[in-house]
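Guided by the hints, dock chain A onto chain F, whose structure is given.
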Amino acid sequence: MKHLKKTWFDYFLVLFFVMILIVTLYPFLNVLAISFNDATDTLRNVNFIIPRQFTLYNYNYVFKEGGILMPLLLSIAKTVVGTVVGVISTAMLAYVLSRRDFVFQKLFTIMFVITMYVGGGLIPEYLLIMRTLHLGNNFLVYILPGLLWVYNMILVRSYIDGLPMALQEAAKLDGANDFQIWYIVIMPLCAPVIATIALFYAVGQWNSFMDTYLYAKNLPTLQYKLYEIMSQATMQLDPHSTGTMSKTVTPMAIRMAVTVVATVPIIIVYPFVQKYFVGGMTVGSVKS
Amino acid sequence: MAKQNVKHAQNKKKLSPALLWRQRYLLMMSLPFVIWLIIFKYIPLWGWTMAFQEVKPATFAVPIWERTFVGFENFMNAFKDRLFAQTIINTLGISILQIAVGTIVAILFAVFLNELAFFLGFKKLTQTISYLPHFVSWVIIASLAKNIFNDGGVLDTIFGRNLRLMSTNSPLIWIIIVIIDCWKEMGWNAIIYMSAMAGIDTGLYEAAEMDGANRFRKMWHITLPGIRSTIVVLLIMSIGGALNVGMERQMLLSNATVQDHTMVLSWFSYLRGIGNSDYGLGTALGVFQSVVGVTLLLIANKIAGLISDDKLV
Chain F
1 MKHLKKTWFD
11 YFLVLFFVMI
21 LIVTLYPFLN
31 VLAISFNDAT
41 DTLRNVNFII
51 PRQFTLYNYN
61 YVFKEGGILM
71 PLLLSIAKTV
81 VGTVVGVIST
91 AMLAYVLSRR
101 DFVFQKLFTI
111 MFVITMYVGG
121 GLIPEYLLIM
131 RTLHLGNNFL
141 VYILPGLLWV
151 YNMILVRSYI
161 DGLPMALQEA
171 AKLDGANDFQ
181 IWYIVIMPLC
191 APVIATIALF
201 YAVGQWNSFM
211 DTYLYAKNLP
221 TLQYKLYEIM
231 SQATMQLDPH
241 STGTMSKTVT
251 PMAIRMAVTV
261 VATVPIIIVY
271 PFVQKYFVGG
281 MTVGSVKS
Chain A
289 MAKQNVKHAQ
299 NKKKLSPALL
309 WRQRYLLMMS
319 LPFVIWLIIF
329 KYIPLWGWTM
339 AFQEVKPATF
349 AVPIWERTFV
359 GFENFMNAFK
369 DRLFAQTIIN
379 TLGISILQIA
389 VGTIVAILFA
399 VFLNELAFFL
409 GFKKLTQTIS
419 YLPHFVSWVI
429 IASLAKNIFN
439 DGGVLDTIFG
449 RNLRLMSTNS
459 PLIWIIIVII
469 DCWKEMGWNA
479 IIYMSAMAGI
489 DTGLYEAAEM
499 DGANRFRKMW
509 HITLPGIRST
519 IVVLLIMSIG
529 GALNVGMERQ
539 MLLSNATVQD
549 HTMVLSWFSY
559 LRGIGNSDYG
569 LGTALGVFQS
579 VVGVTLLLIA
589 NKIAGLISDD
599 KLV
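Protein chains in written order, with this note's numbering: chain F, 1 to 288; chain A, 289 to 601.
If you're looking for bench data, these hints aren't it; they were derived computationally from the structure.
Take the hints with a grain of salt, since some may be wrong.
[Claimed, not checked] Partial selection, computed: residues in chain F whose CB lies under 8 Å from chain A:
| no. | residue |
| --- | --- |
| 1 | Asn-45 |
| 2 | Gly-119 |
| 3 | Met-210 |
| 4 | Thr-259 |
Note that the Cβ used here is the ideal one computed from N, Cα and C, for glycine as well.
This is chain F alone, in the form it adopts within the complex (with noise of 0.2 Å):
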């Protein structure tokens, strides 16, 4: 609808989604600007969002002597590994369950889609992972359980429904089997899809916490480790270094430093793929 006399109301809006905007911006603003404040003059007042005495001194502590190294790569392992193997499996289901002639295509379908709507709960999964499979603190288990998701498999199946079957059949006739027809003909022409599941599965890797806080303990990822910093987090000074003259830093600033390593990939990432986000929310499940 186009107005041509902009009303009060229209103003009104306006500032509403001024206001909007700071509230949404201001706790990562807020956050940015005492990571990079020096550790004792934050403690003064933390409601700022310039830093009032630059400093890199936080994330040089951490890289240096808080332990964030080892967490940030395992973080970026889990995420590439469970993004190429998810994504890879997915594709191959969805194709395979594409195939209307394919004997068990109705049986594997409900199979996948029931698991949807039913599941067994926390506490036997958790013992089937580590009780039964004894997955516990195995990079496996960040990758196995979550191997794919059935809403994904079902907006690819429902990608590679649309394009031509005349494609796949003259691939047969070239005498292509099913493996290299997936691979060699279907593949390709699902980049979208297969763009937009990529950064589901990336995504949710990289935010997923209770993987490790239940499982994998000994294999902290950057999430988890925040976690640690954040339950021990009180506003203390660090005893080790109370000399007013050398620069100190505290739990608040190592948590805020280590805040912004574990966003600053979300916040490059997402502008880029939030249409694609959008598109496979509004399209919903498509069900057989």
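Leaving out everything else, chain A in the frame of chain F:
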């Protein structure tokens, strides 16, 4: 598509070794995932039997048929637990508050954004930025929230006194949690309402304009009724999930002082089941949560069907 299906249906033959051999690649490409599905999704479902057995760490290795069946004893013990009543109150309190506030805020956000007629860049920017918190993990959100709400945090300095927002052992913490959740998901939840609004016939607005309706009347009489079925469907679904308050969020936004009021069913089940190693009791709480969830969903659906035509199933 229908044509293809017919064609495939004709090709579909009886299960035979020859057919399996012909489709061996398809089998090889799907069987590993079916096995994965059975292990990671169906075996835990079978684990529901534990709710009716006495299962402790020592007896976990015992085959399922040799464990002692205790009927509904686990459920009874759970209901008699001193924390159970408070847990249910917390779970429902937070849920209801969140459904009510979350829905209203998201609708308001969507309706207002829809009306925003200033330069297009601003609308787009607002929308993009409003999604940001949705993509950020709960751990990070908790870290941000601590700066704002904790003692000596941003709000305390603004008001110049200690508001004790996250350190008062009362349902105040429910409100704080709901505010944080709203802040995180508002822009994202509005998407679905925005897309419902895009489907409203613009002719309706024009006709209303002819009749001299102002913008508020148009919002009230056209926009809101236009997204009514979307609102109802989302409400039914959220009522069905009323007991499924996530343990992750609760745990991260909680602290020792307010824990009495942040304990929810999923967390309680974890605490008793894994913390106390009473697997049977923990599973019973999980089963209770699922069964009540489905019941609530059906009731909400029925009520929605009675008062309007909008039903989920």
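So, going through the hints one by one against the coordinates:
1. Look at F/Asn-45: its Cβ gets to within about 6 Å of chain A, closer than 8 Å, so that hint holds up.
2. Proximity of F/Gly-119 to chain A holds as hinted, the smallest CB-CB distance being about 7 Å (cut-off 8 Å).
3. Taking 8 Å as the C-beta contact cut-off toward chain A, the hint placing F/Met-210 at the interface holds, the least distance being around 5 Å.
4. Look at F/Thr-259: its Cβ gets to within about 4 Å of chain A, closer than 8 Å, so that hint holds up.
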